[in-house]
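Peer 1: For the protein sequence lines, the chains are A and B, in the order given.
Here the first sequence stands for residues 1 to 822, numbered as in the working numbering.
Here the second sequence stands for residues 1 to 658, numbered as in the working numbering.
Among the hints, erroneous ones may be present.
Unchecked claim - If we take Cβ atoms under 8 angstroms as the criterion, some of the chain A residues that face chain B in the derived model are: (1) Gln472; (2) Ser511; (3) Pro512; (4) Cys513; (5) Gln552.
Hint data in this document are derived by calculation from the structure and do not stem from the laboratory.
Glycine residues also receive a C-beta, built at the ideal position from the N, C-alpha and C atoms.
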Amino acid sequence: MDPECSQLLPALCAVLADPRQPMADDTCLEKLLDWFKTITEAGSSLLLLQENPCLVELLCHVLKPQDLSSRVLSFSLRLTGVFAAQEDCFQYLQQGELLPRLFGEAGPLGGAAWTAPTVRSGWIQGLRSLAQHPSALHFLADCGAVDTIFSLQGDSSLFVASAAGQLLVHILSLSMRGPAEGLPGLQADDWPACAQKIVGHIEESLRSMAAPQITQALNVLTTTFGHCHDPWTQVLWVRLHPLVAALLEKDPVPAAHSLVDLLLSVARSPGLSSSSCGLWETLAQTLSHLSPTQAGLLALGILKLQDCPQALRAQAFAVLLQPLACVLKATAQGPGPSGLLDSTVADSMTADMLLPSKAACVGLLCRTLAHLELLLPLPQRPCPWPQASLLGAAVTLLQLCGGSGSPASDAGRQLCALLLGCVRVQRAALDFLGTLSQETGPPELVTQVFAVLLEYLRSPDSSPTVLKKAFQATFRWLLSSPRTPGCLDLDSHALLFLRELLPVLQKRLCSPCWEVRDSGLEFLTQMTRRWGAQAGFRHALLASEVPRLTEQLLRDPESYVRASAVTAMGQLSSQGLCVPPAIPEHPGGQQSVLGELLHILSTDSEGFPRRAVMQVFTQWLRDSHADVVGDTEQFVAGVLQVAGQDLDWEVRAQGLELALVFLEQTLGPPRSHCPYAVTPPVEAPAGPLTQALQPLCRVRLFEFAFRALFDCDRPVAQKSCDLLLLLRARTASSSSLQEPRNSPDVASVEAALQRWRAGDQAQPLGDLEPEVVLAVLRSMDLEGLRGALAESSDHVEKSPQSLLQDMLATVGILGENEADCY
Amino acid sequence: MKLYCLSGHPTLPCNVLKFKSTTIMLDCGLDMTSTLNFLPLPLVQSPRLSNLPGWSLKDGNAFLDKELKECSGHVFVDSVPEFCLPETELIDLSTVDVILISNYHCMMALPYITEHTGFTGTVYATEPTVQIGRLLMEELVNFIERVPKAQSASLWKNKDIQRLLPSPLKDAVEVSTWRRCYTMQEVNSALSKIQLVGYSQKIELFGAVQVTPLSSGYALGSSNWIIQSHYEKVSYVSGSSLLTTHPQPMDQASLKNSDVLILTGLTQIPTANPDGMVGEFCSNLALTVRNGGNVLVPCYPSGVIYDLLECLYQYIDSAGLSNIPFYFISPVANSSLEFSQIFAEWLCHNKQTKVYLPEPPFPHAELIQTNKLKHYPSLHGDFSSDFRQPCVVFTGHPSLRFGDVVHFMELWGKSSLNTVIFTEPDFSYLEALAPYQPLAMKCIYCPIDTRLNFIQVSKLLKEVQPLHVVCPEQYTQPPPAQSHRMDLMIDCQPPAMSYRRAEVLALPFKRRYEKIEIMPELADALVPMEIKPGISLATVSAVLHTKDNKHVLQPPPRPTQPSSGKKRKRASEDIPDCKVLKPLLSGSIPVEQFVQTLEKHGFSDIKVEDTAKGHIVLLQEAETLIQIEEDSTHIICDNDEMLRVRLRDLVLKFLQKF
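Next up, chain A with everything else stripped away, as it sits in the complex (with noise of 0.2 angstroms):
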């Protein structure tokens, strides 16, 4: 501790024992900790203690009967953990008896500070810290501890709860950990009586009849199995195994849900090998026994596991399956197998687990379909996948929502009454129906799928957040769907979906509800970006309205409205799909897309579409837009022109990133740096580089640059920084520049910079010529510069001595400084 600090410690402890004096601020204790763990990390608890005896006056201190807040006494306890965890720090403790009077039944557990939730997460907390050897094992035993902890399971307050379980587990690892880390054949009745005791409780509430004390268990037995894999949790499991399994003979199976991560936690654990000890056994049963709502978390985790019996996880997957079976067995037309489920399965259920309740079958439903969603995906997934099925249970309930499905029984229509119009299953099916588009489908399947979308994009009734769903979904299928083996062009199926399909693209880009319209212009921006250059989508394209309503959107009231047509008009017109478009003030007049988005660049009021512009515009210059390509400098400097003048530092920010491709594309690409590279790189010659400059100048890009560089938003500066730094680099070779050090315009050029760094940004630059700049990049300090961005904003104030003083300050110790707090 530097001894500034040591200097404030005492004051401040003086106020922290003082109850007159209340700290209002308790992130400022949190803070005060964390700084206290810091030290005691890197050297002595019991050095620090006895260089500042006010820490142990404190801790003595808060002891005494008073009216000290909870916070106080909270942060006391846990800070007197951090200090005994380190052993002989402990023993400097024990020995004044100032642990057992804080943590032992004489300290606030028995006083009516423990009311308060603060004060019993510090008696845990401090205790957690505490317990890292075994003198602490030893002390938790004497004080009883143990016991208040196991009662503290079931506080009132969630934190205190979870907190009294993890450290419950951290006591029964620490106490294995002496012992029975040599011996792993060690029977659990010769285990510590630490660890017997936790695991007699733990026995104890598995027995119990009480839901709670039951989850408290199954928790506690979840984080062990979670974080410790040695040899004794295989013990351990053995041990308690009957007794879990016992629990499911109950009916309804109690604390369903833990117990499935606690099944769950044992199986991912790699300290134990899982066939030895009955563990597939058990979740065979746990999964025929829990309900269709419980057992889809634990079907899920089973066919996520990497080793696991094929029956198991049939088993598994048959469970995951059920809702979307039954859905399909209720709306097929005739009896027979559905194909997602096996005949024998299919007919042992019904439809009536998914209709009780609407809230039910809607939840169970959008869980089955997230569950596969997150399966479809991983390697491990289960073989053979029923694609073919599963498409159709999906089509199938989007079609129940919409009201398009006719089942034929009375439980079909009771479904169908049940889901109709639900947003929720209709999204988690739209999902599940894009993620499907990864495998294919038999053809009229993929028909039925395609129809069921278009139905979804045309009905009045989608809700915005589905209809954005249905579009990305549309988008997915059109992606997979077949195509000519070397033709990157949509088939002739997707071409004719694609026609009926623009004109509800046109209607919904005129849709009075902004998200339909915003979530329109993205789908078109996707589909022209993969299919623009293809002759049969930019025929279908071209004959609809719909290039001439995206150009109107420009002018959309709503600003997202405007961004997404931005991207849409810049993506429609880098494939040459734009008609042009007209000028308002002049019917029939027309103007570029290029000045059209210079205008919204200009004049927007809003930040979404200049952003979206100068993204459109740095995409163009990269690949040479037609607009660009004729007069790029002068492209450059108007964008970099009115970027530089923007409010929003994220359209600054994006001029730097046109700037850099402008840069990169008049040098040259940079050359190799490859370890490898067979030729040493050659020096460029002076003539040309100050020549490949000139455009660079001409465009004004480092006025932009050098402005950007004192940006008061720090992105922004650290975007420049590095754009200068590379500059700097790619024409450092060139040594053989004369050095125009000494002449008077770089010495104006450093005097102007030292004036915008103060924030006198008033007086341009003027004309740059390349070996000015050049200069004054080599001159400017721009590591140190990046280093000095590079460091967060607080970073003065965040020094353990600044704290103490914020402390004092704020109780008016230090009173010469009140005034610089705030």
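Starting from the structure of chain A, add chain B where the hints point.
Peer 2: Frame of chain A, contents of chain B only:
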């Protein structure tokens, strides 16, 4: 209590309720779908319509070719359109005491009822209902009268000929009762019989029942009605809406505890959500106009159009349609737009508060002010000079058979750039378009019906819990085209009773009580006696006085005074004779104690038999039988009056007298 169902149309009801000696007509809707069988009435001579070929029978007989014309495979009657009236034969309509109107769409048959059936009663309706109803009638009469048609076809109505016609003419019901439109004179006379009422106002009908209109949330001034006596309550729910549109919200609470709830006027398009449809309407409108096309919206001059204009008010600027003219053409356009702004007390809370700012409650005022919305009585006159395309035209009639809309259909039908958007749900848009085929114009069907859907009905019924629900038969099963949609029907317990046209329904509840008032001085004289905890009885001697369906117990006349004179004589003439009253008995006879008492009094050889209703005590020696039942005791002895009186007195000892 009986319900006579005079209309089969679920949203244009006409029912008669007989309740407690009153005869109440609930609504008199006019089914105008009959006009779809007729050729449109063009405002200016239409060569296309007048050159349609006449229709001839299969055997080539062309005697109907003057009356029936063929267009794109459909046959239409070439005559003045006619309407299908409510049943007039089921009940003598001159006996109807009052007519209760629930909204302006449900009063269009009023002149036929009040002017041609001998009706002498009163019609009750709210002010906006009457005013806007008048506008609708005025528009209808105007549309039909301004294009007089010389020909009136009647041959085809002959039953033997009608059989030979193609559908739908063949299947049209009761064509003989179809009538031409009424005149403005009849309208005025009918409307003069209306008495204005306000929400929650209680109207006494002959002292027998009380009727009260409640806000139904569907249209300006639209109401549901409560018809109640002291012990019975009938609710009539017709055309209600729970959506937040312009009218005052629906009053649900007052419908609670009804014995019978008559439920009519649900949404005609239960699968279309009005919000989605409004979105669809706006999108298609913008799409058409942006492509340089015109939009035609066939509509009524009041109702949904206010909401549409409000949506457009918010939408046109954002959709870049500020320069597109909106035209509203109707003989009553001006009155409709202005009326809507003055009925502040009938509007939803939001709009009411605007009035105090003061601002016009509907934003169409601003549209008119800024010249974005222009209205004209007809397309002749100013409109033809202002007319600019592309534009949006709102005009009637939604059936596309008469009104200015016919002209626009003929004018714009040939271009695929133009769009007709159907927003009124009353007519099948395909049937409406049939005489205009082939049609190049785009057709969009966005029916906006804000009335209750089945989900809302089921919530409403759960909330108000009527004992019985009565509804048109169409609501008790899913629509024929969507037989699997179990959700598209009324689902309640006990199942709803259904009715159809020309049916008489006996409503399933009996009147059990009648309220009788007791005069204070008579009440003072009562001496109640508690016979069970909480139940007291008292005898009363009084005169029941009944007048105007009110019953009052008045004190009996004083006993006749011995003095003589004129006055006394008159009094004795007026007042009926009062007999001396025997005391009333109550209580039950405990058989065992009774037998003991009998024995005490010297009767022996007593036998008791249990019967289904009580006991029989046999006095074998005296050859006497005492039959004791819950509400009677009989002593049967053989002409021994002494014995009977002795036994009677013994029995009476066990009973309380008062």
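Peer 1: Quick check: which numbered hints come out false for this structure?
Peer 2: 1
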